[in-house]
Each structure stands twice: as structure tokens, then as C-alpha cells.
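Asks: Chains as they are written, first to last, in this note's numbering: chain A, 1 to 255; chain B, 1 to 255.
Some hints here could point you the wrong way.
Since the list can't tell identical chains apart, any single copy or any two copies may satisfy a pair.
Simulated crosslink set (SDA-like; lysine to any residue; CA at most 20 Å straight-line) [as the list claims (entries may be wrong)]:
hint	residue 1	residue 2
1	K185	R251
2	K254	R148
3	K240	D198
4	K243	V43
5	K233	L244
FYI, nobody ran anything at the bench for these hints, they're computed from the structure. Small disclaimer: the values here were computed from a predicted structure and weren't measured.
There are 2 protein chains.
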Amino acid sequence: MKVVIVGAGGVADSLSRAVKSVGHEILQIYSRSEQSAIRLSEVLSCSYTDEIENIDRTADLYIVSIKDSALSEIAERLVVGRENGFWVHTAGSMSMNVFGDVDRGVMYPMQTFTRGKIVDFDSVPCFIEANNSVNLNKLRDFTKSISRSVYEMSEEQRRYLHLAAVFCCNFTNHCCAIAEYMLAKKDIPFEVMLPLLDETVRKLHSVEPKVAQTGPAVRYDKNVMAKHEALLKDEELLEKIYKLMSEDIHRFSKA
Amino acid sequence: MKVVIVGAGGVADSLSRAVKSVGHEILQIYSRSEQSAIRLSEVLSCSYTDEIENIDRTADLYIVSIKDSALSEIAERLVVGRENGFWVHTAGSMSMNVFGDVDRGVMYPMQTFTRGKIVDFDSVPCFIEANNSVNLNKLRDFTKSISRSVYEMSEEQRRYLHLAAVFCCNFTNHCCAIAEYMLAKKDIPFEVMLPLLDETVRKLHSVEPKVAQTGPAVRYDKNVMAKHEALLKDEELLEKIYKLMSEDIHRFSKA
């Protein structure tokens, strides 16, 4: 397929490389930052633009990978003059209807993308939706060409999926950021946590999270929890997080 | 060394197998649950007891792996009549002084242990402390015989380490348990989260957590966060956790 990529951030970076590597033709990269557009277009050996007006009008598929707030703002302007294209975005929490009444869909690649760190797209679960069965078939074929895990999912289901992803990825990462911060107070490098973290996640490949829980909160060991809270007494938000998470772990264990 | 293991839970299980496998002699297992004591003693081909009075008095090293609250309760009784032994516990948040004025120390294996799931001890970071340099040397040699990652650490440092472990392991696991719970509302299996979870943690082997953060909270994308909060509106504790974690992610990103 002839593809235009709208966006040049972390998702667009990994996605566009995957799209090109399996033989699709990338016509153009658009980014409102000319520098980002140039950088990615050089990687992909394609043209670029930083002007919405100059986005190519002949593509079969437009993949829009930009911040949700930007997507809301510019989706309608993107489509103008390109109403015959198939418009797909990659945002987990957004409706395909942001594009209006055109061929449209969503391809949500559920992974954490950091610009500059290329993700192997083949192992990224992709959740797709389209406005009719013809487009769904088209999007399924396309997505299967770049990922071996393709699921159909309604907008309603995808909302929950996106929320769950925030818990599994961003909040997990923040738990580690808090750990790093507390360890730094005693000059302990975060690296010492990695075997524990790896095992915690490895375990979840065979045991469901609720059952896998260990530690003071699930045992409701008030003595240990009080000691931990004492270490956090000058860290108001962290102490609140500690108490809430402990309370909720205990609640889950009883449910 | 001739070793007595006090406890038969998850830590005692993996630890005692490691101790035996490198050639130390396990004289006996004590557990207040006779059934647990029998089970582990059969694995280790050693004797067992469920009576404190009958714990062997000739061991070089007593390793106590029981719940923190039980440790506080019975530590002194354990030592009576065995004052010449070297007493070591495995509890991250407890002082070695629970044993009183004997040869004493701590060997905290920082890993998540679930009874029945044997952990390869060689890769478990172990944090040691002892009441004098002779005992520290003895404990270091012993611990190095079962783990390739042995660190000396003061009680004060270990307190922070233990707290960090709760964030990295228990709270991370709970974030996944919440994700599982929310996904179940829409009949989505937790398994779809595993590639994201794996990548989140893999990234932390090369990027520090604070820098690795992605998602709506670090971008402070109020639109997305409001949608997530709406999905949690009937889940008081989960909504609170969502808001607090998002606020704290944002705070970290500015710091």
C-alpha cells in the first residue's frame, strides 16, 4: 500500500520503519516540526512536509500517530482534500470518528514507545477497528503484515485496554521511579532492583496478578507497613500512595 | 557448614534447596506447622521438628526465614540453649538485634518468593550485615556460596531497600492486578498486556525509570486522564490511585 505517516514521534518512528520493512511504500512523512519530519524522512528515504496543505493526496492509507490532543485539533483539517483516503489513527483512547465521514479506523499498537528506541513491531499487539467490514478486512491484512498479534476490538473495549495499559506500563514505571528516588537517599543504585523486577514480571506469565501478590500489604503486616510509612513521613504524596496501594492490595486479597 | 533452617515458607523453600545444593549440611527444618516441616524436610532429606525446644543445638548457622511478626515474637526463645550458634534472619525490615547478644546477622535475599515456585538463588541479590567483622566474613563466604550477587548493607540502608522492593515488586504487581480487574469487565484476558509489561521492564535495564516514563500523565494530557477517570468513577479507591499516581508522575517529570 501507498502510505503517508502523519507524525514523527516514538510510535510513528517504530511503526513507519516496520511498514517500510515489509514492502509498503511510504510516500511522505508529515510533522509540524520540520526537524522531526526531516529526520524520519531520511531514515525512510521518502519526502516530508511540515505543512498540512502539502500532505500528499494520493495515498491509500493515512496513518496518524500524534498526541491525542493534537489529533482532536487537526483530524478534520487533515482529511480535507483527501476524503478518498483510508484514515487510521493509533490512539488507544480516541474514536475513529475524529476523522468524520470517511473510510476510517483505528490501529492501536499497545506498547511503550520512546523516540530513538526502535521497537520490534512484529511482537506488538495491535488492536484494530474500522467503520465497515471492507475497511476492517483491509486494515486487518495491513496490520498482520507488520505484527503477528492482531485483535479486533470495539472502541468501548479499547478504552478499558488503554486504561489498563496506563496501570501496567506508566504506573509500574512510576513505582520504579519512586523506588529509585528512595534508594538514592541512601546512595543505593537502582540496578540492584532489576532481578526482583524481572522476576515479578516473569511470574505474571504463569500466575495471575491477584494470586501472585506477596509482601507486607497482602499479609497485612502492620508492623512492617508502619516502618515503611515512617520512612515516607516527609514525602506527603508518596506516603499517600503507599497507604492507598497497601489498602487496595489488602482489599483485592479479600475479594 | 552445618545449618538449621527455621521456617518452611517461600524464602525457606528456595533458600534451603540452594544451601543444600552447594554442599552445606542441613541438619533440620523447624516450622510451627508440622505439615510444612515434613514437606520441606523430605525435599532436603533431613530431620524436622515443630517444637522450638527440639531444635538442634549443634548447628554452626541458624537461618531464620519466618514472617516478621513471628520473628519478633520467637527470636529470643529460639536462641535459648543455642547461644553459641550464629543466628541470621532473612527479613529486610528487621534488625539483627532481635536475637539479642549472640553472634548474629542478616542475609536479606531481595526477591519475590512464592511457596512451590523455586527461585534460582544464584541470581538473587543478597544483602548482608553482621555484628562484627569475623561474623561478616563468615556470612559473606556463606552467602557467596549460594548467590553471585552479595552486598554489604547497613540496617538503615536495608530499610530503604526493603521499602523500594515493595514499590518495585508488590505495587507493580498490584498495578497489574488492577489492570486485570478492569480488563475483565470487558472480557479481555490479561495476557494481552504481557508484551507491554515486558518492554516496560526491559527498558529499565538501560534507561532510568524517571526518564523512561511515557503516557498521558507525564504529558499531562488532561483529556485522556479525564476519560480514564470516567471509567473509574464507580471505583473509589482505584480512582484515587489513578489521580495520585498521575499527579506524582507529573511532579517527578518537573523535578
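Asks: First find the shortest C-alpha distance between K254 and R148 inside one copy, then the shortest across copies, and answer within, between, both or neither for a cut-off of 20 Å.
Replies: Answer is neither: 38 Å inside a copy and 38 Å across each miss the 20 Å cutoff.
Asks: When no copy is named, should K243 and V43 be tagged within, between, both, or neither for a Cα gap of at most 20 Å?
Replies: neither (48 Å within a copy, 39 Å between copies)
Asks: I want to check one pair: K240 and D198. Are their C-alpha atoms no more than 20 Å apart within a copy, between two copies, both, or neither?
Replies: Neither: 26 Å inside a copy, 27 Å across copies.
Asks: Can you tell me if K185 and R251 fall within 20 Å by alpha carbon in one copy, between copies, both or neither?
Replies: Result: close only across copies, 18 Å inter versus 31 Å intra.
Asks: Quick one: K233 to L244, C-alpha cut-off 20 Å, is that within a copy, between copies, both, or neither?
Replies: Both: 15 Å inside a copy, 17 Å across copies.
Hint violations for this structure: numbers 2, 3, 4, all remaining hints satisfied.
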